[in-house]
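Heads up: the sequence lines are chains B and S, in that order. Mapping to my numbering: the first sequence position 37 is 47, numbers consecutive. Mapping to my numbering: the second sequence position 237 is 238, numbers consecutive.
Calculated directly from the structure, the hints in this document are not laboratory data. Just so you know, not all the hints are guaranteed correct.
Claimed, not checked - Sample of chain S residues facing chain B (criterion: CB under 7 Å; computed from the structure): (1) Glu171; (2) Lys175; (3) Asn179; (4) Asn182; (5) Arg213; (6) Leu218; (7) Asn219; (8) Lys221; (9) Leu223.
Unchecked claim - SDA-like, lysine to any residue: derived pairs with alpha carbons at most 20 Å apart: (10) S:Lys242 with S:Tyr229; (11) B:Lys198 with S:Pro184; (12) S:Lys221 with B:Val174; (13) S:Lys177 with B:Val241; (14) B:Lys147 with S:Asp72; (15) B:Lys259 with S:Asn179; (16) S:Lys170 with B:Leu249; (17) B:Lys203 with S:Tyr229; (18) B:Lys90 with B:Ala19; (19) S:Lys134 with S:Arg246; (20) S:Lys230 with S:Asp140; (21) B:Lys259 with S:Pro184; (22) S:Lys221 with B:Ser164; (23) B:Lys272 with B:Lys203; (24) B:Lys198 with S:Leu174; (25) B:Lys198 with S:Glu171.
As the list claims (entries may be wrong) - Negatives, chain B to chain S, calculated, CB over 10 Å: (26) Gly29; (27) Ser30; (28) Glu55; (29) Lys70; (30) Met84; (31) Ala121; (32) Tyr167; (33) Pro172; (34) Ile188; (35) Lys210; (36) Lys233; (37) Glu269; (38) Glu327; (39) Glu329; (40) Ile337.
Note that CB positions come from ideal geometry on N, CA and C, so glycine has one too.
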Amino acid sequence: MDNITRYAAINTKIKTMEGSLLKNQDYIKLLEKDSVASIYEYLKEHTAYSEILSDVDPEKLHRGTLEAVLKQNMIYNIDKIIHFYSGEYKRFITTFYAKYEIDELKKIARAIFNKEDLQKYKNSVFIGKYSGIDTNKLFDAKQISDIIYSFEGSEFYNYLIPLVDNNIEENLFRFEMILDLSYYTMLKRQWAKLSKQDIKVLEHAQGLIADLLNLQWIYRGIKFYKMQPEVLLNYTIHLWHRLNYGTIKKLCYCPSLEEFFKLAQQTKYSFLFKNDGTTDIFMERRLDRHIYFELKNMVRTYGMSIITTFAYILFLEFEVRDIIAIIEAIRYKLPANEASKYMIRTIREEA
Amino acid sequence: MAVEKMKIISIVGKRDDLDKVSRLVVLNGNVHMLNALSEINANYFELEASEDHIQAMQELSDIKPYINRKDFSKYEEILKAFHKIFDINPSVNSKYLSSEYDYEKLFEEIAQKYDTVREICEGIDKKLAYINKLQEYIDNISYLKHTGLDIRQLMSLEYMDFQLIMLSKENFLKLKLNYENIPSAVFQVYAAEDNSIVAAFTPKSIKEDTERIFESLNYKSLELPLEYKGIAEEITGQLSKEIEREKQEIAGMKASAADYKKSYSSEVIRAYSLLELEKKVEHVKSEVAIGQQLFFLFGFVPVGKLDEISNTIRQNSDKDIIIITEEVEKRRAGHAPPTKLKNNRLFKPFELLISMYGTPSYNEADPTPFFALSYMLLFGAMFGDIGQGLVILLGGLFIKYKLRSSDFGGIISRLGVSSMFFGLLYGSIFGNEHIIHGLWIKPMDNINSVLISAIILGVVLINIGYMFSLSNLYQRRDFEEGVFGREGIVGYLFFWTLLLTVLSKATDAIVFPMPLAFTLLGLLLMIMVFKQPLANKIKGHKVLYEEPPGDYYIEAGFGIIETLLSILSNVISFIRVGAFALNHVGLYIAFATMAKMVGSAVGGFVVLVIGNIVIIGLEGLIVFIQSLRLEYYELFSKYYTGYGIPYKPARVDGERS
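Next comes chain S alone, as it looks inside the complex (with noise of 0.2 Å):
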């Protein structure tokens, strides 16, 4: 129920040992890379003086970063190739990943196979490219269907070439403004979007003058077949027949690939995984620092798996091998941790939602389980049926279980339970009232006590929230913000302060004097326009202003409109999960009163259903976007601003989650 614990790892160990540490790192999947080179310069990377790291010492002066790339294209060729023709996907399998094998000797052997099943693979190929070239021939000669003419005879004229060409649009233009000087018959076959088809025919003995002309107009000439006799429309039929029996050999060669692929198979699938690890592991190696002889790696790492990783690396390496971890907190400079959520069950599918705002920042409260409640609490009040919501929460777990998009069915579903909770207190079965009693409340007939609710519900969130942002506040020792600022301590008193002024006016509840109120509210006011001098102040600072004076105190000074406007409707605005809750009734009044009209049993019945599948339909979705708006606007904008860095650990991926 929080943001992970990070810890940095520094490894520093031979150059022989890089290869074997790379992938020890990638197959343990939990170390985020950090840049060596940039982590030495802003850190000052400081290691004990002690016998065991003189060396270590020695070559810090003298790092570069580790180039050599390796290229794997050739063996993702091969790679590739064998799975065309095994018809098998690309997949990872875990059990072929480990860190003890050759490279160089695997891909050696891969190739080696490779070449008992070459001639296979570039027959294939051979095929697929006839059969490309044939399906170009079937497309050109299309553009003469309907002439009637028989196309071997166009091409062996004897003293006139034929060509079919394409030209751009603009480029027709061109030649059909210039017609008169064209020494070639030419007209259009067939208008494209922005292509024109045009057929040419040229005496021979000027050819090269209009193929010039045809140049400078960037034709591509449509090549045709020789071979075949008849009009175009027969050439199509014996163009498709041709394609038929091509596909049909290729379809027997694979066949005749079957011996190869049981005894290959297997290892395809191990190199194939391996090649991925191996792309990790250069990915990892990208970011290392290499000196003489010794490489430098950075990483963050969550604390739980801190002994497991040290361990592993320690046990298959050099004992030379210098392991250090160190504290985030002590980092002077560089880039932030990255931000590893950890939540239970209930709450994981909503960090999809927080994520699409900002992943929270290392330093920063998960808002996840907040975030869930109030979500679920929101959704549920403005959209309370036991019917419905069992509807949504079925769509959930369908998403979920037969889409495979667990995040979002998980939402849904846990949406559609609260509906249900709600629709028990409210009493409301598929919009229909009047089955069972319900717990709490009908929100039609208590129209002024639900939307007074809502408010208060509004009242408690945004509390929270204050809550939330001091927390956060305190966390980052920011003192100015925290003390004087909008969503510090004062801006808290303010929000208080108002909230009561406005109670004593409104209602006899509490008695609040008024000249006391508005100087309560005057002060804190002037105190958050003071701010940054206030805090300067008070920490001693010489400087006061971060910015010139005049700036400063415009902004603060549309800052006091805002927080006055914001607070007001910030409140306000969660009238709506009242409106929204009658709303929902009132929709259904409508149909019920149509499906009244229609007269007959069946009749009014199919009006119900299509009035039910509009309300999941239309108002699910508005009320979905509602309590969305809420939380990011609303609340949000108090205490989360979501400039994190996700957590993305070297790994293969596909090997686990």
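So here's chain B without its partners, still in its complex pose (with noise of 0.2 Å):
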């Protein structure tokens, strides 16, 4: 099949989808709302939110609550989308569901690490979602083998298992580190299974993510951990769009930040490293916002290909995140204009 037969049916179904996501206008309303039910009552009465809502009880409504129906719209869209793909490319979408199982994952992972209540985690909704995992085995976890061995039979435990074996004490650092990078390793060995163009795409695309987040790692790895330069660079994803693999070798074993600066300041990525102290705070949300506009572009240039059911995925997250973001900024009483400097879109105001 090729791609143009393979994406005319597709591409239309997520043109309309994309009708219903959030547009600026609605960011504005949401920027001014002062409440989580008011965000609730505008989503509720005025966005495609709306049906998915309407099984909310206000009344127990909370950011939780909030959080998890905005990640339950997210796989009712997924889902939509896979019932086009069949075959390789219906799997290679359900691994998506494995990057928010991952997410999710770790967080479950870190309360059982450090002995909290998991009664907040009960509604996390990737859960199992790629996995197939019972969930309630997972949250009788005490310790992090204990929730290696609930994975037992699923794919995520082939790549953890090796925590157990070698008897080493309880990692929380290493757990995650494994499940982020082996969720590459997965994502990879599925689109290897799919058409040549729709690999160059992806790998265009996901090099690019990889790229930002190699970034990041490798000056977090500096500057916090101080990590030894070999450990530092195996855990680098190998995938690379601007930056090669020589380039991130050498910022692994920059021996120092200032070292690490000068060469960041050469690749095309220096936006990310500002000398005005606000880099650690924004790093985040500057990696984010170029994925976003980069994605944007790659869908305009690459329309018949993957790209624009990848697209609409991330931005659907995006979407979930940047409500999250304003939700946020109520609790800490922020202006709009300054919340609007922690989501991933640049809010225009509008006349």
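Since each chain sits alone in its own frame, please combine them into the complex, following the hints.
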């Protein structure tokens, strides 16, 4: 099947689904709200969330439930797209669930490691969505190794089992790193089965994301963790777009933070590192915003490819994260123009 | 020969009796459970206001689901261990099932008995674990075959540390790209599909650094045995011998449990049977609602079993228990009743093919008898041969009795009989049409009449389909579809008008004035287009359309095209019945000609045998599928929805069918 026949229907579907994403106007309205309840009210009255929010009891509403509903909506939409695919493509789209499941799983693992109460993680909607595990066993876990055993039979298990096998003591850091990196392995193994054009587009898009994440990782590794360069290098994602392996390696072997900055300034991503003390606060947002706009460009350039689906799913994710950012700003009582700085998209004030 | 009638049974009793009543329900095995809470909410469960019901009525206002689920895992473990050391298969024996037993006491006893054999069980488990470990050594050491290295020597070098590790393909690549900075000598000894097995030599003084690097590559260390001398091949031999020894010891331990087996095994089977019962009881209880002192239980029961179950429950429980039976038709909302099909032995196997399409709804006519008869008819007509039919019959019996697939085997053997019957009509034995005279017709000599008969058969079957559809629509009291719909009265009239029009055009058999015909067809089509507003007008509803009128008419417009197309295509579709009857003969003629070309009598015979095998295997399959297609597409689409819920009573599996 060539890409035109494959994507004619899917892209049309995605175009209509994009129509129900929040508009600029919606974000402006949301930024004006001053409580979670009024955000809920707005989303329910004026946006595509109305259907899924109508089941939520406004009496029992709080941040956690709203977040879970927003994520439930992601699943609802991604599932819709999955129905348009078959075979290896279908399996590829489901690997996105692995990404979100890993995100939630890391949070739960941290809570278990710190012996926190797990009640508020019980509505983690992505858990089991990719791995298909029995969530009861996961929530019964008392330590990291219990978590790993609860994944027995799933793909994650194969990646995690060396952690138990080597009988090393509980190590949250390694648990998180293994999951993060195994996601890229799973992704690459699965996309190798797609068409050539799609592999090219994915290598471009995912390579760009990997560039940014690698830079962030190396920066943090040198600044905060003071890590052995070999280890630092081993934990990078092996996907490249504008930074090749040589550059990444050089960055890892930088003896000091100053050297790192000097090298990083020469890359295309120098915008991540500003000399005004905002580097740490805004790094994540700068990185996401860059991905957001680059993806918009890519959709325009490579319309008839997997990129429309790829970008749509990320846009959905960004929408959820922006709404959460707005809710968080309410908690810290940030004014609207300040709050919008923490959002991934840029909000244009229209007259 | 129909869908069995159901009634709803409601049981209200003391909570002390819940266990016993649930057990009786499972043992009786005829109750399809309903969730009590949703039932009470949806149907406003009403009790006659009488003295007996006062308490129940009070408690109805405050009911909760039954929670308190039992955990069976501990006893399951114990029984599993028993089954393992006694070498018996877990099975339910119905003679041990009863409602009179004390669950706690029973399993306390079993647990005590387990204590006497615990040592043996644990000993066996330990040995099995040890065998696994040895097997792992064998697997790991196999990577070092053909190296000629002494493993123990390798492991006990003075300054160097030897490690065998497993890395994912991707992570090995990372290691390779950074060789120059890795403080140990590494090389790949084996590459599997996703993983690489790597041998690593590291100076002992910097082992910690390397360890950290390997950790960041998520390595898995492959353990090697230290106790054995020699190269890999020799050690593997020693390990295999050790495994043999351990296995023999396990057998010995099992033999020592033989005495226990004699005295315990009936008890183990009893406990297993009762545990299975108890699991089902828990399932029943999970659908029950409880109040302060009472429980509420609801389920569907086939009418014929109703007395039996209410009597047993009444006899075995508190005299205050309330048992109410209710007609299914009175229900306002909630779950539709489940469907239990009741068919005689001739038709029963065909339920398999029906349920592949969907279970009939409760208020739908059971299509099985018509399906079974027409399916046998279609198959036989397409594949009529006494000899080949006999082979299919024998094959069907083999599947039924030897492979124990009674439904599928039953279908095949019935098809075989039908094929033999038509073989008699066509006069064909293993393709040969000269041995006996056909009672009816030789397909190849009367091509036109065969094809025309096929169409006539199709018209007859479609007519019966319409009858079913009309009856179903009447059952559902669906006025709109039943009178004006495509499968209703108007649609049926349209079907016949169209048929007669075509007939009078094509033959002189009947005269049907064309202007009249077209006026009639147009009129009937228009009625079908306006069916919804018409029906609502007649019923006196204010709202004429259930959706925007624009949408409605677009759909109705396409509906017309589909009606026209499907009537024609459905009828013509049945030509295939005749075509395959011809095809069947044609295929044989091809093989017969080949047999003649071979020349020798033996060779010719061999070709004919091969030909018959091909015809039975290949054509048999095709005809099987084609008949199914005619049933599902041409006929089911007329009258069958298949939205029903299969009847699944709570009962212990494997106890009775």
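Cross-check of the supplied hints:
The criterion of a C-beta within 7 Å of any C-beta in chain B is met by Glu171 (chain S), whose closest approach is roughly 5 Å, and the hint holds. The closest approach between the C-beta of Lys175 (chain S) and any C-beta of chain B is roughly 5 Å, which is under the 7 Å cut-off, so the hint is satisfied. With a cut of 7 Å, the hint placing Asn179 (chain S) at the interface with chain B holds, because the nearest CB-to-CB distance is about 6 Å. At its closest, the beta carbon of Asn182 (chain S) sits 5 Å from a beta carbon of chain B; the interface hint therefore holds under the 7 Å criterion.
Because the closest C-beta pair between Arg213 (chain S) and chain B is about 6 Å apart, less than 7 Å, the hint holds. Among the interface hints, the one on Leu218 (chain S) holds; its C-beta lies about 5 Å from the nearest C-beta in chain B, closer than the 7 Å criterion. Taking 7 Å as the C-beta cut-off, the interface hint given for Asn219 (chain S) holds, the closest approach to chain B being about 5 Å. Contact between Lys221 (chain S) and chain B, as hinted, is supported at the beta carbon level, the nearest pair being about 4 Å apart and thus within 7 Å.
At a threshold of 7 Å, the smallest CB-CB gap from Leu223 (chain S) to chain B is about 9 Å, leaving the interface hint violated. As the CA atoms of Lys242 (chain S) and Tyr229 (chain S) are separated by approximately 13 Å, the hinted pair is consistent with the 20 Å bound. Straight-line distance between C-alpha atoms of Lys198 (chain B) and Pro184 (chain S) comes to about 29 Å, which puts the hinted pair past the 20 Å bound. Under the criterion of a C-alpha separation no larger than 20 Å, the hint pairing Lys221 (chain S) with Val174 (chain B) is consistent with the structure, at around 9 Å.
In summary, the hint linking Lys177 (chain S) to Val241 (chain B) is supported, as the alpha carbons are separated by about 14 Å, within the 20 Å threshold. For the suggested pair Lys147 (chain B) and Asp72 (chain S), the alpha carbons sit about 14 Å apart, so the restraint of at most 20 Å is met. Distance restraint check for Lys259 (chain B) and Asn179 (chain S): the Cα-Cα separation of roughly 9 Å lies within the 20 Å cut-off, and the hinted pair is therefore satisfied. Simply put, Lys170 (chain S) and Leu249 (chain B) have alpha-carbon atoms about 15 Å apart, close enough for the 20 Å limit, and the pair holds.
For the hint linking Lys203 (chain B) to Tyr229 (chain S), the alpha-carbon distance of about 45 Å lies beyond 20 Å, and the restraint is violated. A C-alpha spacing of about 13 Å is found between Lys90 (chain B) and Ala19 (chain B), which places the hinted pair at or below 20 Å, so the restraint holds. This hinted pair checks out: Lys134 (chain S) and Arg246 (chain S) have alpha carbons roughly 14 Å apart, not beyond 20 Å. Of the pairs offered as hints, the one joining Lys230 (chain S) and Asp140 (chain S) holds, with about 17 Å between alpha carbons and a cut-off of 20 Å not exceeded.
In summary, the hint linking Lys259 (chain B) to Pro184 (chain S) is supported, as the alpha carbons are separated by about 17 Å, within the 20 Å threshold. For the suggested pair Lys221 (chain S) and Ser164 (chain B), the alpha carbons sit about 18 Å apart, so the restraint of at most 20 Å is met. Restraint check for Lys272 (chain B) and Lys203 (chain B): not satisfied, since their Cα atoms lie roughly 40 Å apart, outside the 20 Å limit. Restraint check: the Cα-Cα separation between Lys198 (chain B) and Leu174 (chain S) comes to about 14 Å, which is no more than 20 Å; the hinted pair holds.
Restraint check for Lys198 (chain B) and Glu171 (chain S): the C-alpha separation of about 10 Å stays at or below 20 Å, so the hint holds. Once the 10 Å rule is applied to beta carbons, Gly29 (chain B) is consistent with being away from chain S; the minimum gap is 20 Å. The beta carbon of Ser30 (chain B) sits about 21 Å from the closest Cβ of chain S, which is more than 10 Å, so the claim that it is off the interface holds. Chain S leaves Glu55 (chain B) outside its interface by the beta-carbon criterion, the shortest separation being 23 Å against a cut-off of 10 Å.
Once the 10 Å rule is applied to beta carbons, Lys70 (chain B) is consistent with being away from chain S; the minimum gap is 19 Å. The claim that Met84 (chain B) is not at the interface with chain S holds, since no C-beta of that chain comes within 10 Å of its own (minimum 28 Å). Here Ala121 (chain B) stays apart from chain S, with its beta-carbon at least about 23 Å from theirs, past the 10 Å limit. Here Tyr167 (chain B) stays apart from chain S, with its beta-carbon at least about 13 Å from theirs, past the 10 Å limit.
Non-interface call for Pro172 (chain B) relative to chain S: violated, since the shortest CB-CB distance, roughly 4 Å, does not exceed 10 Å. The beta carbon of Ile188 (chain B) sits about 5 Å from the closest Cβ of chain S, which is not more than 10 Å, so the claim that it is off the interface is violated. Under the 10 Å C-beta cut-off, the non-interface status given to Lys210 (chain B) relative to chain S holds; the minimum distance is some 20 Å. Against the 10 Å criterion, Lys233 (chain B) stays outside the reach of chain S, whose nearest CB is about 18 Å from its own CB.
Consistency note on Glu269 (chain B): stated as away from chain S, and its beta-carbon is indeed over 10 Å from all of that chain's, at 17 Å minimum. Non-interface status of Glu327 (chain B) relative to chain S is upheld: no Cβ of that chain comes within 10 Å, the nearest being about 25 Å off. Distance to chain S confirms Glu329 (chain B) as a non-interface residue, since its nearest Cβ pair spans about 31 Å, more than 10 Å. Remark: the non-interface label on Ile337 (chain B) is consistent with the geometry, its nearest Cβ contact in chain S lying 34 Å away (cut-off 10 Å).
This entry does not satisfy hints 9, 11, 17, 23, 33, 34, going by the numbered hints stated previously.
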